[in-house]
Amino acid sequence: MYLLLVFLSLFGFCLASLFGRHLGPRGSGFITTSCLFVSLLISFFVFYEVALMNCPVYIKLVTWISSEVLNIDWGFMFDSLTVVMCVVVTFVSFLVHLYSLEYMSHDPHLSRFMSYLSLFTFFMLILVTADNFVQMFVGWEGVGLCSYLLINFWFTRIQANKAAIKAMIVNRVGDFSLLIGIFVIFMSYKSLDYATVSALTPFLKNEIINFLNFNFNLFTVIGTFLFLGAVGKSAQLGLHTWLPDAMEGPTPVSALIHAATMVTAGVFLLARSSFIYEYATNILSYIIVIGAITSFFASTTGLLQNDLKRVIAYSTCSQLGYMIFACGLSNYSVGIFHLSNHAFFKALLFLSAGSIIHAVNDEQDMRKMGGLRFLVPFTYSMIVIGSLALMGFPFLTGFYSKDLILEVAYGKYTLLGYFSYCLGTCGAFFTAFYSTRLIYLTFLSKPIGHKQIICFAFDSGINISIALGCLAIPSIFIGYYTKDMIVGLGSDFFGSAIFTNLVNINIFDAEFINLFYKLLPVSLSLIGVFLAFFLYSFKLKLLFELKTSIFGKKIYNFLNRKWFFDKIYNEYFGQFFFKFGYTTSYKFVDRGIFEILGPTGLSLVALKIGSSFHKMQTGYLYHYNFLILVGITIFFGLRELWIVFKLFNYYSLIFIIFMVIFFLINYVKLEK
Amino acid sequence: MILINNVISILSLTSMLFFIGLFGIILNRKNILITIMSIELLLLTINLNFIFFSIYLDDIVGQVFVLFILTIAAAESAIGLAIITVFYRLKNSIELDIIKKNIIIKI
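In the order they appear, the protein sequences are chains Y and G.
If you count by the UniProt record's numbering, then the first sequence holds residues 1 to 672, one letter each, in order.
If you count by the UniProt record's numbering, then the second sequence holds residues 1 to 107, one letter each, in order.
A few of these clues could be false.
[Said to hold, decoys possible] Keeping only pairs whose Cα atoms sit at most 30 Å apart, straight-line, the calculated DSS-like set for lysine-lysine is:
1. Y/Lys615 - G/Lys91
2. Y/Lys567 - Y/Lys579
3. Y/Lys615 - G/Lys30
4. Y/Lys541 - Y/Lys368
5. G/Lys91 - G/Lys30
To be clear, the hints were calculated from the coordinates, so they are not data collected in a lab.
Please work from the sequences and hints to get the whole structure.
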């Protein structure tokens with residue numbers, strides 16, 4: 001049954017992709033969705049058995065690689081960390097499947113879409129249930145591949161193609177370093193099972209590894225590379241540029257990949273490798289910095305985006321920053337808790353956004369919507385629930401996890417803790433602001449769209465409504481219900497799945513920080529909501545003047561253009577590599593040096609030497625006679641000089657002389 | 001016996017003569033007759049050498065060879081002169097440069 005949980009989605013994928021033509025769109029949709037439903041039910045059961053009854057399950061399927069010391073099995077490990085992820089993934093994925101049935105119903109490639117969605121879910125489940133790093137990497141690459149396929153689903157659109165390629169390549173940067181990390185782990189542990197690695201970790205505490213001729217602590221190296229992998233997948237600052245662009249795919253895809261599942265893989269990796277990170281404290285501080293900056297950066301960028309989906313994408317990026325720095329603060333359970341909560345309300349937000357986009361005839365620009373609250377009231381209420389949960393409104397889901405993250409950040413009582421607390425609190429304010437802005441511009445302001453569109457705006461059908469309703473309930477309640485279980489004081493929920501060094505535990509300290517700092521994030525969020533509401537309802541003119549002032553224009557451009565990250569990347573990195581690829585590696589090396597040494601140069605030299613020999617035959621008798629004399633002289637002369645030449649029987653010397661002569665000849669030729 | 005004592009002088013004489021003949025072939029750019037004369041000189045030098053060594057080593061074979069070479073030289077010069085005559089009939093000239101020019105024109 002545990003295997004069924006993982007492989008049902010693969011079954012659905014196989015049926016929908018191989019027999020999609022015979023099953024038809026409705027049939028394949030029904031099959032994949034029902035497969036996911038069964039797997040959701042199983043994952044509830046698994047959650048009950050593994051997490052609540054506290055009995056982890058280990059399944060060894062078959063041996064995959066068995067070569068000397070390298071031993072990798074297809075093994076599945078269900079501990080509490082895994083089952084939390086399983087429930088989240090299958091729940092969101094099932095609802096996304098259900099949602100897509102209606103959302104994509106007019107698409108001619110529905111069965112392909114459903115099969116990709118199922119394949120994605122399968123790879124994500126492989127990722128979370130793997131019991132070794134290599135199998136986890138299979139899932140890791142698999143979700144990358146599926147994100148490519150899904151973003152590129154409308155493959156006739158050039159933008160979708162570009163976004164998909166970007167997602168794949170930027171992810172691949174992280175994947176590369178993850179691979180290096182896995183290699184280093186194998187090199188030093190001689191094993192890749194989580195169990196073995198975690199058991200051996202304390203004994204390798206003082207291990208020194210030579211990397212690039214520098215001596216580093218082993219865990220520093222491993223931690224750095226695994227974290228860089230997580231940076232790519234979880235869209236942290238530096239490799240975040242793929243996430244907003246990935247909004248080119250259909251909306252359910254954004255909900256599945258970029259809210260609930262794929263981007264959480266990085267956080268999951270950090271939590272899974274907690275036993276390594278707990279010994280690499282210097283890397284943890286970098287993780288805090290990167291996560292905090294990402295949360296701040298993304299929330300400021302989200303402030304001034306005009307695309308409905310991009311706002312939500314940046315808020316995903318920002319929330320991922322919170323999770324990452326929670327992990328950096330050694331509170332992995334808090335990070336995972338926020339991850340699961342965030343999955344619910346972010347999926348709700350994305351799906352509601354999809355519903356709005358559906359209602360207004362695929363218009364994504366918020367400036368062209370407005371006044372939809374009477375037209376699509378159900379979606380309106382759903383997106384309000386999602387937004388309130390996102391901004392950490394008291395007693396909704398986001399409140400319990402996000403404020404806890406900020407509390408533990410302050411409760412660290414270190415400089416980095418305060419740093420992340422400050423940035424996170426600012427981020428909370430901005431999050432509230434842009435969520436309210438989104439709701440205001442879409443629903444509350446006066447209608448701005450075309451009359452034809454506004455007239456025919458409608459609330460979506462039964463499938464979409466069910467999906468939204470099912471996501472709204474956990475968005476409200478799940479934080480409250482699972483708080484004590486997952487992150488409660490002294491809760492043994494994660495058991496051995498997450499290892500926290502005793503020195504690093506600060507959840508008790510976080511409980512007793514000043515009341516002011518506990519209340520600050522919530523109050524800032526509320527202030528953000530009211531400020532945005534106030535500004536957009538009554539002070540639109542002021543906002544406009546702010547925006548069009550000289551300084552305001554600059555800030556607006558800066559934030560709207562995503563801090564110019566794309567510009568810098570394109571102009572400096574992208575252009576540099578394109579130029580390098582063309583000028584240096586293609587023109588200079590491939591078509592330059594190699595050709596001169598190879599076909600072109602050699603043939604030219606042969607031709608040149610041949611023609612010079614040809615020129616010797618002038619046709620004059622006396623020249624021939626002279627050549628005969630010279631030849632005889634050289635022949636006899638060499639015979640005498642051979643005694644001298646015998647000393648130079650170093651072949652390398654002769655080779656070097658030959659090469660020098662060769663290059664000189666070619667140089668003379670090129671000079672001409 | 002004087003000959004035997006003066007090996008070096010005799011050998012240098014013959015080799016000088018040989019090189020005179022050789023340079024006569026190489027440096028001469030105009031007249032084909034001089035080339036043939038130089039070839040004769042070469043053969044003559046070789047004959048001289050043969051004779052010298054035949055006496056020096058007290059062996060008759062060298063002089064036998066000289067006789068042969070004399071015959072061959074006569075035959076060779078006869079054939080060479082005949083070729084020049086034929087060539088002169090065709091081209092009205094026996095200059096070396098013209099030989100080349102004509103060859104090129106022919107091709």
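The hints, checked one at a time:
For the hint pairing Y/Lys615 with G/Lys91, the CA-to-CA distance comes to about 26 Å; that is within 30 Å, so the pair holds. The straight-line distance between the Cα atoms of Y/Lys567 and Y/Lys579 is roughly 16 Å, inside the 30 Å bound, and the hint therefore holds. Using a Cα cut-off of 30 Å, the hinted pair Y/Lys615 and G/Lys30 holds, with the two alpha carbons roughly 21 Å apart. Pair hint Y/Lys541 plus Y/Lys368 holds up; C-alpha atoms about 18 Å apart against a cutoff of 30 Å.
With a C-alpha separation of about 15 Å, the suggested pair G/Lys91 and G/Lys30 falls inside the 30 Å cut-off, and the hint holds.
In this structure, every one of the numbered hints holds.
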